[in-house]
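Read top to bottom, the protein sequences are chains E and U. In this text, residue positions in the first sequence follow my numbering: the first is 3, and each later residue adds one. In this text, residue positions in the second sequence follow my numbering: the first is 3, and each later residue adds one.
Calculated from the structure, these hints are not laboratory results. Honestly, I wouldn't trust all of these hints.
Claimed, not checked - Keeping only pairs whose Cα atoms sit at most 20 Å apart, straight-line, the calculated EDC-like set for lysine to aspartate or glutamate is:
no.	chain 1	residue 1	chain 2	residue 2
1	E	K423	E	D94
2	E	K388	U	D357
3	U	K388	E	E313
4	E	K423	E	E183
5	U	K423	U	E115
6	U	K423	U	D357
Stated by the list, open to error - Under 10 Å between C-beta atoms, here's a sample of chain U residues computed to sit facing chain E:
no.	residue
7	L84
8	A86
9	F229
10	L295
11	I329
12	D331
13	N335
All values derive from a computational prediction rather than experimental measurement. Cβ coordinates follow ideal geometry from the N, Cα and C atoms, glycine included.
Number of protein chains: 2
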Amino acid sequence: MNVRPQTLEDHLEHIRQLIRQDRAQELAQALEQLSTGELPWVLDHLDHEEQERLLRLIPSEQGGRILESVSEEQASELLDHLAAQEAAALMDHITSDEQADLLGRMSARRAAEVLRHMDPREAADAQRLAQYAPDTAGGLMISEYLAYPAHWSAALVLEDLRRNRAEYAKYDVQYTYVVDEQDRLVGVLRLRDLVLADPDCPVQELMISDPVCVTTDMPLRELRELFHQHPFLGIPVVDEQGRLVGVVRHEDVEEALEQAAQRTFMKFTGILGGEELRRMPLRVRSLRRILLLSTNLMMDLMAAGVIAAFESTLSQLVALAVFLPIISDMGGNAGFQAVAVSMRELALGLIRPADWLRVAWKEVQVGVINGVVLGVLVGTIGWMWKGNPALGVIVALALATNTVVAVVLGGTVPLLLRRVKVDPALASGPILTTLTDMCGFFLILWMASQFLLRGT
Amino acid sequence: MNVRPQTLEDHLEHIRQLIRQDRAQELAQALEQLSTGELPWVLDHLDHEEQERLLRLIPSEQGGRILESVSEEQASELLDHLAAQEAAALMDHITSDEQADLLGRMSARRAAEVLRHMDPREAADAQRLAQYAPDTAGGLMISEYLAYPAHWSAALVLEDLRRNRAEYAKYDVQYTYVVDEQDRLVGVLRLRDLVLADPDCPVQELMISDPVCVTTDMPLRELRELFHQHPFLGIPVVDEQGRLVGVVRHEDVEEALEQAAQRTFMKFTGILGGEELRRMPLRVRSLRRILLLSTNLMMDLMAAGVIAAFESTLSQLVALAVFLPIISDMGGNAGFQAVAVSMRELALGLIRPADWLRVAWKEVQVGVINGVVLGVLVGTIGWMWKGNPALGVIVALALATNTVVAVVLGGTVPLLLRRVKVDPALASGPILTTLTDMCGFFLILWMASQFLLRGT
C-alpha cells in the first residue's frame, strides 16, 4: 500500500480510497507525494463530496497550502462547498492578498459568514485589503510586513526579530520599514545594515530615507514598469496620508499581469467575465457564453442584411455565394491580427489612443501588400473555376480592398475603444467582424451588379 | 528650460531637441523624469537615428536600466541599430538572464560580435545561460548568486560579504548557497542565521540541508506550481551532476508566464511566432501575417467547395446564401469559446489529452442549450423574412446542430493537438473554422435540397 502508484489515474483512485476510508494521515502523505503539476488535476477529478471530505480530513495548514498552490478559480471552487467554519479554518492559513481575492469571489453574505469564523486579526486584515480594487497596489499588496518606530535602536529591533522568529517566518524580512508616530512611512531598513550596525544606533540613522513607495490606487501597469526600473522584491504601499498600509511584491505583480493576459484571451474569444472552468454549473457556463453569442448573432444579421439587399444580383450569379463566406472569414482573420498587435502595443505602453492615425498608416502598408497577394490568389481561382475573368477580377478587388479596410479597422478600433473606456478585448471582435462583413459583402455584390451583370 | 514639459508630446519634443544638441547631461535627467509608463512610448516615437544617439549620449549604466525596464521586444529593437561595441557596453549592465534572452534574439554572427566586446566574465555567463531552452529553469535562471564552500566559517562568509558589498549590491543576498568541493549544492544559508551565529561555526552546520532545487530542464509550468507551493523568492538550479549553476527567481517565472500568455493570444489571432511590433520592418510584418492568412485561405476554399457542390440548390433558393455567413460565423464563435476554455484548463493543469471524452460531454451539454436558443432565434427570423416556415426550421436545425459540433470540436481539438505535440494556440483556430464551416454549410444545403426543394 505504500508503493507509489504508477499512473496519475492510479493516484486518483488511491486518494479516492483513502477519502472513503477516512484515513487522514495517509491521505495527507499521498497529497504531499503528488508532483507540482499533478495536484490541480487530481482535485479537479474528485467530485464535490470527495473534495469536501478531503479538505476536512487533512490538517487545515496543509489545506491552506493547497489553496495557495492552485489557481484562484479552483481555490474558490473548492471553498464553495465547505461550511463557513471549515472555509474560515483554511483561510486563516493563506496570505492576506489571497484571502482578500477569495473573499471578493464570495457573495457578501457568505463572505461575512466566513469572516466571522476566521481568526479576528486575519479577518481584519483580509477585510481591509478587500476594499481595494483588484488590479491596484491596494488590491495586490500583502499585510505581512514589519515596521518599527524611527527612534528604536538597532538592538531593540534585532531583539524583536529574534523573539518573534517563529511568527515572522512567513514574512519576507529582508526589508523592514520605519514609521513615525503617525504610522507614516519614513524609511526602509535593510537587514544587512541592521546587523552590521552599532547596537545603540537608532534605526532612523541606518535606514534609507525617502524610499520609493506607491499609493494604494497605483494601477497594475505602472507597478510593472516601476519594478522593471528598480530591482526591488517589494515596494511599500501608503494611503493618502502617507501611512504605511502594505507591501506589494514583484512576484504578485507579475502574477496579476499573467492573469490579466489570460482573461484578455478568454474575453476576446467571447467568455463573458473572462473566466470559465468546466466544473462551474451548466447554467453559468451557458449563460456567460450565450450573452456574447447572441450579440454576435444580432451583428451577423446586420451583415446578412447587405446580402439580402442584393438578392437579385445573387440569383443572376449564384457563384458569388461561394465567395461570400471566404470574404467574411479573410476579413475577420486579417483584422484580428491587427487587433492583437494593437492590444499588445497598448499593453506595452507603445501606443496611446491619440496615435490612431500613425497606426492606421502602418496597417495600410501591410494591408495593401497582403490584400494584393490574397486577392490575386482567390481571383485566379474564381477565374479558372467559372472561366470568367471578370468574376476573378471582381473577387480579387473585393478581397484586396476588404483586407485593407479590415487591418485599418482592426488596428484602430482597440484604440478608439480604449479612449471611450470600453474594454478592447471584449468589444473589438464583434465590431470588427460586423463592419468588415458589411463592407466585404457590399463590395463584391455591388461590383458584380455594376460591372458583371450590367449586360445581362 | 528646466520646467517640466506639460504633455507627453512636449516631453518627446524636448528630448528630441536635447538629442539634436548633444546635451548629454540634461538628456539623462529628462529621461529620469519620465514616469514609469511614459518611457516605452517616448522611445517608440523616436526614429532609429535618434534612438541611437540617445543611447550613445547617456551613461551606459542608465542605458542598461532602460533596456531592463522596457519589454524584451523593444529592448532588442533598440540594440539592433547600435554598433556591436556600443550594444556590448549596455549589455554589461543588465542581468544575465536578460543578456541571454537578448543574445538569443540576435543572429549568431551579431551575437558573437557583441559577446567579443562585452566584459569577459559577463560574456561567459551570458553565453552559458544562452544554451538553455527559453522556458526552462536553465533559460530563466540568473547567475548572480553567492555560493560558499561548506567548510568556511560564518565569520569568513560575513567578511567576504562585507568586503564585496559594492559588487554584491545587485545580488539578492537574503540567501546564499553552500557547495562541496565539486561545486555540488549541499545547502542553503539564510542571512539571518548567519549573522546570529557563532563566528567560528562552519556554514555546513548553519545551513538548511537538502534544499529544494530544480534541474536546468524543469519546464515553466512546473516551476509555477513549485513557487505556489513554497514561499521562496528563488530556487537554486543544478545540472545533471548536481552542481549549482544558477538561481531561478519567482518574479522571473511569473514574468515568463505572462509573456507566454501574451504570445498565445498573438499566435491564436494569427501572428506567426507570436510577436509583432509596428516598428518591425514592413516585410517581416507582412510575411508573418500572410503565412497564416494564406493557410486560412486554402482551408476556406475547402469549405467553399461544399457550397459549390450545392450550386443548383442555391440557385433554386437564393435566400439560403444569406444564412451561410451566419452559420459560418456562429459556428466559429461558439467553437472559439470552447477552445479558450480548454486552453485555459490545459494551462492550469486541470485537463490532459486523455480527458477528451469528459470534455466533449461537458461541451455537448452547453452546446445543446445554446444551439437551441440560437437556432430558435435565427429560425424565427428566417420564417418571418420569407414567410416560409420550412426555411425557418431548416436554418434552426442547421445552426443548432452546428453549434453542438463546434463546441465539441473546439473543446477537444486543443487536447488532440497537445497530444501530437502541435501548439494548440497556433493550429486550433484554422482547423476548427474549416471543419465547422464544412459541417454547417453541408447541413443547411443538404437539408434544403432534401426537404425544402424536393417538391419543386
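So, going through the hints one by one against the coordinates:
1. K423/E <-> D94/E: violated (38 Å)
2. K388/E <-> D357/U: violated (47 Å)
3. K388/U <-> E313/E: holds (12 Å)
4. K423/E <-> E183/E: Cα-Cα ~41 Å, so violated.
5. K423/U <-> E115/U: violated (36 Å)
6. K423/U <-> D357/U: holds (16 Å)
7. L84: violated (20 Å)
8. A86: At 25 Å from the nearest chain E Cβ, A86/U fails the 10 Å test, so the hint is violated.
9. F229: holds (8 Å)
10. L295: Holds. Min distance 6 Å.
11. I329: With Cβ-Cβ at 9 Å, under 10 Å, it holds.
12. D331: holds (5 Å)
13. N335: holds (5 Å)
Against the hints set out earlier in the document, violations occur for numbers 1, 2, 4, 5, 7 and 8.
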